[in-house]
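Residue numbers (my numbering), protein chains in the order written: chain A, 21 to 414; chain B, 21 to 414.
Think of the hints as simulated: they come from the structure by calculation, not from any bench.
A few of these clues could be false.
[Said to hold, decoys possible] Okay, the calculated bits of chain B under chain A, using three or more residues with CB under 8 Å as the criterion: (1) 124 to 131; (2) 145 to 151; (3) 221 to 230; (4) 251 to 262; (5) 289 to 300; (6) 369 to 376.
[Stated by the list, open to error] Okay, the calculated bits of chain B under chain A, using three or more residues with CB under 8 Å as the criterion: (7) 63 to 77; (8) 311 to 317; (9) 355 to 366; (10) 388 to 398.
[As the list claims (entries may be wrong)] Chain B residues, not near chain A, derived (Cβ > 10 Å throughout): (11) Asp44; (12) Thr45; (13) Ala112; (14) Val121; (15) Thr135; (16) Ala154; (17) Val164; (18) Val189; (19) Glu242; (20) Asp246; (21) Met344; (22) Gly348; (23) Asn412.
Just so it is clear, CB atoms sit at the ideal spot from N, CA and C, and this is done for glycine as well.
Residues per chain are reported as follows:
There are 2 protein chains.
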Amino acid sequence: MPESVDTLRSFGPLGNGDGFAVPDTPCLLLDRARLGANARRFLDIANRHGVTLRPHLKTCKSVDVARVLTGGRDDAPVTVSTLAEAEYFAAAGFTDILYAVGMAPGKFERVARLTKDTGARVTLLTDNLVVADAARHFAARLGVAFEFLVEVDCGDGRGGVMPDSELLVQVARRLHEGDGTAVRGVMTHAGQSYDTNDPVTVARIADRERDAAVGAANRLREAGFDVDVVSVGSTPTVAFAESLAGVTEARCGVHAFFDLDQFGRGVCRWDDLALSVLATVIGHNRASGIVLVDAGGLALSKDTSARHFLPDAGYGYVCHAETMQRVGPLSVTAVNQEHGKIAVDDACRYDEMPVGSQVRIVPNHACFTAAAYPGYHVIDNGAPCAYWSRHNGW
Amino acid sequence: MPESVDTLRSFGPLGNGDGFAVPDTPCLLLDRARLGANARRFLDIANRHGVTLRPHLKTCKSVDVARVLTGGRDDAPVTVSTLAEAEYFAAAGFTDILYAVGMAPGKFERVARLTKDTGARVTLLTDNLVVADAARHFAARLGVAFEFLVEVDCGDGRGGVMPDSELLVQVARRLHEGDGTAVRGVMTHAGQSYDTNDPVTVARIADRERDAAVGAANRLREAGFDVDVVSVGSTPTVAFAESLAGVTEARCGVHAFFDLDQFGRGVCRWDDLALSVLATVIGHNRASGIVLVDAGGLALSKDTSARHFLPDAGYGYVCHAETMQRVGPLSVTAVNQEHGKIAVDDACRYDEMPVGSQVRIVPNHACFTAAAYPGYHVIDNGAPCAYWSRHNGW
């Protein structure tokens, strides 16, 4: 009896007595070798294009992951999506931070505190005159300098001025003319690259992203501004861009881990998937034909973006805990807050996934799944080797 | 210039200089009066039925909210969905905790530590013999007692044995016969109450929920077991149940805050909605016809459950920050990680929501939206009066 029950708790190679606690489930597993390979691939891409990689840390929100993504350089440029991230990475020694979400007038005091406290150079983003005016006001009031990129819309339809608009030059001028404000360049993001899984189409979107950014930069240069930064990026466009001529830096984030969404659009291979959720089987409902696991909508997130190109993605693919190979065609087919339902295709699955056994679930969208957790259980050749914390929230 | 920019930062009554920090956005606002009224309504319902309310704290994950939901009694029975919640509430003095997710063999050591450390009575849940056997094994090994409810499936098709199954009695017997294990009763959850917005249909589902639980309890009594606990509940069935005869306790959680999903199914009125996300307008993209806010998919969650009965729910209704009245028919129509897009119906919306102004967004599903935040900015008559922390994770 003790023998058989104890094996239920075994993680196989995940709990091999090397001094790291066996993680309770649900938890995030991060494969260090895959993370490293993904990081190198995108550093190489940037290098090949002759641009700087400015990894977006909104996916990982982890200093330890960031050091891998930057090739080990704390002074490497990075991108963040919240001021909480900016504060966390600046406190850890990152000195060149782009806050790549449109600035709000109410956030200047917080940025001023951050730059005074840490000495980090934080570059802000805007596409409007209200924020440009507010920047001038707060720079004067707080005695600090605020540097900006002007956000350009390259077809995503989210933030940004049109690259050929008068507003582009007006925003730059308003910032340039302020005593404590400056414009360093332009930034754009081809979010529309997520609408396709065809690499050739993505390459054409990458052309448009580059042309919008470089065109906007050249218009600012013609208007008399120095433009040092021409920033582009989304993980698909960086992966498939054919030329980044005129661009100075490329941004991407989910390349750190990849996920079913990226796999479905061909941006990564199955063996590049570095992030999974470890879950425990807590029940079999044979009348309903389901295996129940303790990873539900909070542990996996309710993001279902991968279904666009992988109709069977559900809330994630179900994999063997040790091998990361899929369990037949199974996915998590429904979720409640703390329950994941796996509809089984064959009664043999109940024996394959007994109550108490563990499975790994590859999520739809790593950025959203990871955001529910305080950190990563890092594994190396399947064995736990480290715990890396994350910094969530705003 | 300073005047006009400063007003951009004003929260109106939310930032009225009463000593509480103006919250940065996005953040959660919790209306204390509405929370109190919602709590009283469901305490009254339970009282009218002559059953104990065992509020589910998976929605709030907050000791301060829990004290309101229990009518101020720390010794009141409560429900949790994670062992992290159990530990947090036990450490805060809650002594009667039901962990209402199927137990896993790998979690007994953690539960034993919790009960030894805090003295709290933690009741566990299972529907299978593997966990019953593991309970006996770990009770003997760890020298602690484990008490269970047997989970019954009343038509939800998630966890639970059928109320008329042999397995019901077998699981109870296996637990009863262990030296350190016991069965206290039965529990069921009518998750299928979420499939309808018709109160009469919900009342019939509540009948079935009650009948399944009471029927299972009676079968166990006939088999010779003492059954002290007959536990039922979901927020809709508790709200609309006509009789809870034979039931001892009712569970519900989202009644604390309510949300668009509950509003859409008629479980609450508009003026009962206690939780909203405060967001800041960060841009206007007139070419795309959108107002951009700094509350995206992480701040609002990607749960879209409310669309089932409110097709225009989007990722939440957009409301005026001060009045909580809707801004026309607007909702958050699309999200990225930190961006919310509000498609505007009329150009006047740009003036109504200038860059830097704030809006409140009523989320689809409070349990999921709240889970992204470390706590609540509590407001009283629109003014900040407290900050209540949450305990997320597993």
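Results of checking the hints against the structure:
{"no.": "1", "hint": "124 to 131", "result": "holds (count 5)"}
{"no.": "2", "hint": "145 to 151", "result": "holds (count 5)"}
{"no.": "3", "hint": "221 to 230", "result": "violated (count 0)"}
{"no.": "4", "hint": "251 to 262", "result": "violated (count 0)"}
{"no.": "5", "hint": "289 to 300", "result": "violated (count 1)"}
{"no.": "6", "hint": "369 to 376", "result": "holds (count 3)"}
{"no.": "7", "hint": "63 to 77", "result": "violated (count 0)"}
{"no.": "8", "hint": "311 to 317", "result": "holds (count 3)"}
{"no.": "9", "hint": "355 to 366", "result": "holds (count 5)"}
{"no.": "10", "hint": "388 to 398", "result": "holds (count 5)"}
{"no.": "11", "hint": "Asp44", "result": "violated, 6 Å"}
{"no.": "12", "hint": "Thr45", "result": "violated, 7 Å"}
{"no.": "13", "hint": "Ala112", "result": "holds, 20 Å"}
{"no.": "14", "hint": "Val121", "result": "violated, 5 Å"}
{"no.": "15", "hint": "Thr135", "result": "holds, 16 Å"}
{"no.": "16", "hint": "Ala154", "result": "violated, 5 Å"}
{"no.": "17", "hint": "Val164", "result": "holds, 16 Å"}
{"no.": "18", "hint": "Val189", "result": "holds, 17 Å"}
{"no.": "19", "hint": "Glu242", "result": "holds, 22 Å"}
{"no.": "20", "hint": "Asp246", "result": "holds, 25 Å"}
{"no.": "21", "hint": "Met344", "result": "holds, 20 Å"}
{"no.": "22", "hint": "Gly348", "result": "holds, 21 Å"}
{"no.": "23", "hint": "Asn412", "result": "violated, 8 Å"}
Consistency with the previously given hints fails for numbers 3, 4, 5, 7, 11, 12, 14, 16, 23, ordered from lowest to highest.
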